[in-house]
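J.: Listed below, chain by chain, are the residues.
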Amino acid sequence: MTDGWRLFKRAAEWLIEAVVRLCGWSAILFIFAIFFFIFHKTWPLFAEGFDLREFLTSARWQPTSTVHPCYGILALLVGTLAVTGLAMALAVPLGLGAAVYLSEFAGGKTKEILKIVIELLATVPSVVWGFIGYMVLGPIIIAVTGAPVGVNLLNGGIILALMSVPVIVSVGEDALKAVPDSYREAALALGASRWEIVYRVLFPAAKSGLLAAVLLGVGRAIGETMAVLMATGHAAQIPHSLLDPICTLTATIAAELGEAPRDGTHYRVLFLIGVVLFVITFIVNLTADLVVKGIRTEKE
Amino acid sequence: MRDDVPNNTPPKYLLAAETAEGAVITLGSADSWEELLDLLAGQPENDGVPPMAYRLIRTAETEAAVKKKPRREYFANFRGAGGAGREDDGTESAPWWGLDHAAANLAARRFDDLPPLAVREWIRIRHKEPFTPGALERRKRIKEAVAEYVFLAMTAALVIPIVAILAYLVVKAWPALSFSFIFQNSEDSQAGGIWAPLVGTFFLVWISLIISAPIGVLAGVYLNEYARDNWFTRLINLAVVNLAGVPSIVHALFGVGAFVLAAGMGQSLLAASCTVAIMTLPVIIASTREALAAVPMAFREACWNLGATRWQTIRTLVLPNSISGILTGVILQVSRAAGETAPILFTGAALFTSFPYHLDQPFMALSMHLYAICTQLQGVSDSVQYGTAVVLIGLVLAVNGLSIGLRVYLRSRKKW
Amino acid sequence: MTAYSIQTRDLNLWYGKFHALKDVTVNVKPGVITALIGPSGCGKTTLLRSFNRINERYPSVTTKGEIEILGKNIYDSDVSLSELRKSVGMVFQRPNPLPISVYENVIFGLRVHRRRGELHRRQLDAIVESSLRDVQLWDDVKDKLRTKATRLTLEQQQKLCIARLLPQKPRVLLMDEPCSALDGEGIERIETLIESLRHKYTILMVTHNMGQARRASHECLFMLLGRIVEHAPTLEIFLNPKEKETELYITGRYG
Ligand SMILES: Nc1ncnc2c1ncn2[C@@H]1O[C@H](COP(=O)(O)OP(=O)(O)OP(=O)(O)O)[C@@H](O)[C@H]1O
Ligand SMILES: [Mg+2]
Numbered sequence: 001m002t003d004g005w006r007l008f009k010r011a012a013e014w015l016i017e018a019v020v021r022l023c024g025w026s027a028i029l030f031i032f033a034i035f036f037f038i039f040h041k042t043w044p045l046f047a048e049g050f051d052l053r054e055f056l057t058s059a060r061w062q063p064t065s066t067v068h069p070c071y072g073i074l075a076l077l078v079g080t081l082a083v084t085g086l087a088m089a090l091a092v093p094l095g096l097g098a099a100v101y102l103s104e105f106a107g108g109k110t111k112e113i114l115k116i117v118i119e120l121l122a123t124v125p126s127v128v129w130g131f132i133g134y135m136v137l138g139p140i141i142i143a144v145t146g147a148p149v150g151v152n153l154l155n156g157g158i159i160l161a162l163m164s165v166p167v168i169v170s171v172g173e174d175a176l177k178a179v180p181d182s183y184r185e186a187a188l189a190l191g192a193s194r195w196e197i198v199y200r201v202l203f204p205a206a207k208s209g210l211l212a213a214v215l216l217g218v219g220r221a222i223g224e225t226m227a228v229l230m231a232t233g234h235a236a237q238i239p240h241s242l243l244d245p246i247c248t249l250t251a252t253i254a255a256e257l258g259e260a261p262r263d264g265t266h267y268r269v270l271f272l273i274g275v276v277l278f279v280i281t282f283i284v285n286l287t288a289d290l291v292v293k294g295i296r297t298e299k300e
Numbered sequence: 301m302r303d304d305v306p307n308n309t310p311p312k313y314l315l316a317a318e319t320a321e322g323a324v325i326t327l328g329s330a331d332s333w334e335e336l337l338d339l340l341a342g343q344p345e346n347d348g349v350p351p352m353a354y355r356l357i358r359t360a361e362t363e364a365a366v367k368k369k370p371r372r373e374y375f376a377n378f379r380g381a382g383g384a385g386r387e388d389d390g391t392e393s394a395p396w397w398g399l400d401h402a403a404a405n406l407a408a409r410r411f412d413d414l415p416p417l418a419v420r421e422w423i424r425i426r427h428k429e430p431f432t433p434g435a436l437e438r439r440k441r442i443k444e445a446v447a448e449y450v451f452l453a454m455t456a457a458l459v460i461p462i463v464a465i466l467a468y469l470v471v472k473a474w475p476a477l478s479f480s481f482i483f484q485n486s487e488d489s490q491a492g493g494i495w496a497p498l499v500g501t502f503f504l505v506w507i508s509l510i511i512s513a514p515i516g517v518l519a520g521v522y523l524n525e526y527a528r529d530n531w532f533t534r535l536i537n538l539a540v541v542n543l544a545g546v547p548s549i550v551h552a553l554f555g556v557g558a559f560v561l562a563a564g565m566g567q568s569l570l571a572a573s574c575t576v577a578i579m580t581l582p583v584i585i586a587s588t589r590e591a592l593a594a595v596p597m598a599f600r601e602a603c604w605n606l607g608a609t610r611w612q613t614i615r616t617l618v619l620p621n622s623i624s625g626i627l628t629g630v631i632l633q634v635s636r637a638a639g640e641t642a643p644i645l646f647t648g649a650a651l652f653t654s655f656p657y658h659l660d661q662p663f664m665a666l667s668m669h670l671y672a673i674c675t676q677l678q679g680v681s682d683s684v685q686y687g688t689a690v691v692l693i694g695l696v697l698a699v700n701g702l703s704i705g706l707r708v709y710l711r712s713r714k715k716w
Numbered sequence: 717m718t719a720y721s722i723q724t725r726d727l728n729l730w731y732g733k734f735h736a737l738k739d740v741t742v743n744v745k746p747g748v749i750t751a752l753i754g755p756s757g758c759g760k761t762t763l764l765r766s767f768n769r770i771n772e773r774y775p776s777v778t779t780k781g782e783i784e785i786l787g788k789n790i791y792d793s794d795v796s797l798s799e800l801r802k803s804v805g806m807v808f809q810r811p812n813p814l815p816i817s818v819y820e821n822v823i824f825g826l827r828v829h830r831r832r833g834e835l836h837r838r839q840l841d842a843i844v845e846s847s848l849r850d851v852q853l854w855d856d857v858k859d860k861l862r863t864k865a866t867r868l869t870l871e872q873q874q875k876l877c878i879a880r881l882l883p884q885k886p887r888v889l890l891m892d893e894p895c896s897a898l899d900g901e902g903i904e905r906i907e908t909l910i911e912s913l914r915h916k917y918t919i920l921m922v923t924h925n926m927g928q929a930r931r932a933s934h935e936c937l938f939m940l941l942g943r944i945v946e947h948a949p950t951l952e953i954f955l956n957p958k959e960k961e962t963e964l965y966i967t968g969r970y971g
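So the sequences go chain by chain: A, B and C.
Residue numbers are given in the numbering used here: position 282 of the first sequence equals residue 282, and the series is strictly consecutive.
In the numbering used here, each residue's number is its place in the second sequence (first place is 1) plus 300.
In the numbering used here, each residue's number is its place in the third sequence (first place is 1) plus 716.
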């Protein structure tokens, strides 16, 4: 009986380990599955001789035109880049500034509270941000600038900035916190003030971590869907001013997939945009990860 | 000797002191520069309040008038101590220490091209109290204060508008918020009543949690307890990082391709839950790993030494000791799942469906509902829209607050 | 003119509730090397760190009593910490060069304490060279001035940590076990280096190594449990200690 029991136990252990292993590998599985299923849907396009060059270089996005549908995503790409760029222009200085304040200047209770507030901000759902852009910020922009519509590049940029700030702050703060205290002490003992420590010691020491923070913010902004869908006005054009409505890659998919006839060209092209997004964010995240790894190996 | 000296009478050197009140008192005179420096070196040090400055003056014998401005200014610590042999240049940042030190340096004229003083010229040596801020230091302090306030302002610029916006939302939503708004269904979506979407969100969260929690926790266990440090593990880590970074709309496409179409689930609660589950998986994996990594290695080793297998150790020791951290991650997953819109947009959420929900039928969700009443449906009153938004935020923040509270509580009673 | 460069009177220091320094009264002379010895945890580092007030980083620290450095009470309200630390340089137990280039490490103090543009490139070069020569590091690193300082060997790093104090013309050098991270020859070279610097500075050095205290110092301060037990010329302390505890300690009976 004891032998049987032991055998059973060994088998159970083996089984459990197998399950754990499988779960461990699941992340890889899912990444491949995501890529496969999206790419799979676009495959017939290439069999039909889809013009990939036009897809990437034309600014004409007229998928529903009955006469001559055009599938150029340049305007969408520019829209994504513009709104991301604007968001980063606002979020990076503020986010890194807040990270510096939290890690080097704020003390005790203030720090705890601010960190919790920023952490909570990170969880406000994107649809709520979109709602805020649409209902609150839009009218403000109209009132201040006199623009005909309030949902535009500027609106989307501000909303996206607010959304990506928590990531930048928390990753940036981690990067600053990871700088060994002995550096601060050394600089302090040489008579440096806190500000001098920040920009003469911490910035050089933590630059890759701070870069990673920015990249993660960029990744977040590029991939954001609901907020930009609701706040940017959804007009597939290359913007010429901050007050032009724009359209992004993500918003296009979200807005048009529901209406596109299943397995038509438009439908498949939307999946192809998904592939483009997947690749872009993959590259951004990979870079951020390598940058972080870079710091870690250098530390050792 | 310069040409412009009026007559043959040798010019006179004077040593004077400036007092704190601004008076200039002559302390003595000398016939030569060297003698003057001796006089300076002989001044008493370290007794009470030193003068503000000494003046080394060369006058014409006939008149006492001197030029308004000194030819140069130096700094020295009149209290002395610690000077001898050092190479200071008498500037504010490297003052001479002690009058004899100052005199020696002036005699050697080591620090500038100082020619002998001309008639009516003079130099000033000011007292520099040790360790007190000079002009540069004072400017530095201002810079420091400015820097601190700028960083504070940057932080405030982030936090205040957002908090203000949230407060504004609540104010606008106030008229709509009521018991019946939350707990009743309206016939049309116009009048409010968000019970149906609320329940839908509840189902979505639970089903996705049931799917993602076991996979996520076990994946975290694998990564922290089983995985060796090799290329394959790095690959898994990379996959986790990237899974977290995949845009939500791409997850939606995946959900459509894999669950709705390939798996034949159709647009349904199940398909949407699966999509959200995969999307939130990295949250659980990451926080599980973190929680497990916080359990000291020594605990495990002690357990292994008793002959326990790996899994026994994990089950009886590692998991119980990290369960709270894992729970935090699970709660975080819940709050994310509750707020997501894009991934359920095409996988199962509907603008309007009938109660009750079935796994294989479309359902309503709060986030989707907010999107719909805001942009798709006409004529929904503002306060209903704001009310829905506020309930959604409140839900997510409450869940999150729970996780933060749990973490703070646990940190306060951590044993090791 | 005071004969001592560091004087403390009834200095008491607490970390929270823990009384780390008890009524410390010492007088340290300029121009000689004073060694601070005592068993682990007796407060040597703490005492050293109160002289440039760097202990105040920790919010839990409270200090009572007087410290006069070069005749100035460093707790006076007009004292600026930055100026104090410029004049009172510190070398830490573990070499801690800043994660910037060797060159920038040496002139870090100048960058902090001088106006921008006050010093020209050529002057800076000269200062870097002379500081590195002073610590006998120039020949080793003259081709590596642009590399990150954290890439140097430990001994080079520690020398660099001494070198970077020199351009600011400090008055006092505080050294907390400067050799503890080094091997035999490194220790010897750093000791020679410290000896060569002593004429220009007041040097206070913590050490655990009795041999080093004996070799490299002129006066010895023996501490025990936060108190100064004995302060005397090194030879006297080693040959003819007055206190029982000192004798026990230097003969290696405890600590
Ligand atoms: N930051 C701190 N907070 C609380 N207690 C401290 C702190 N630093 C030191 N102590 C305590 O103060 C006492 C003196 O510490 P200190 O580091 O000055 O000793 P030391 O003589 O330098 O020892 P060692 O020879 O090991 O370096 C020790 O008991 C130590 O535990
Ligand atoms: Mg110590």
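Rather than coming from a laboratory, the hints here were simulated on the basis of the structure.
A couple of the hints might just be wrong.
[Stated by the list, open to error] Residues from chain B that face chain A, not an exhaustive set, calculated with beta carbons under 10 Å:
#1 Met454
#2 Ala457
#3 Val550
#4 Ile578
#5 Thr641
#6 Leu692
In this text the structure is predicted, and so the values were computed from the model without any measurement.
Using N, Cα and C, we set each Cβ at its ideal position, and we do this for glycine too.
J.: Work down the list of hints and note, for each, if the structure agrees.
T.: How the hints compare with the structure:
1. Met454: holds (3 Å)
2. Ala457: Result: holds, 6 Å to nearest chain A Cβ.
3. Val550: holds (5 Å)
4. Ile578: holds (6 Å)
5. Thr641: Where the cut-off is 10 Å and the nearest Cβ of chain A is about 4 Å from B/Thr641, the hint holds.
6. Leu692: holds (6 Å)
When held up to the earlier numbered hints, the structure conflicts with none and fits them all.
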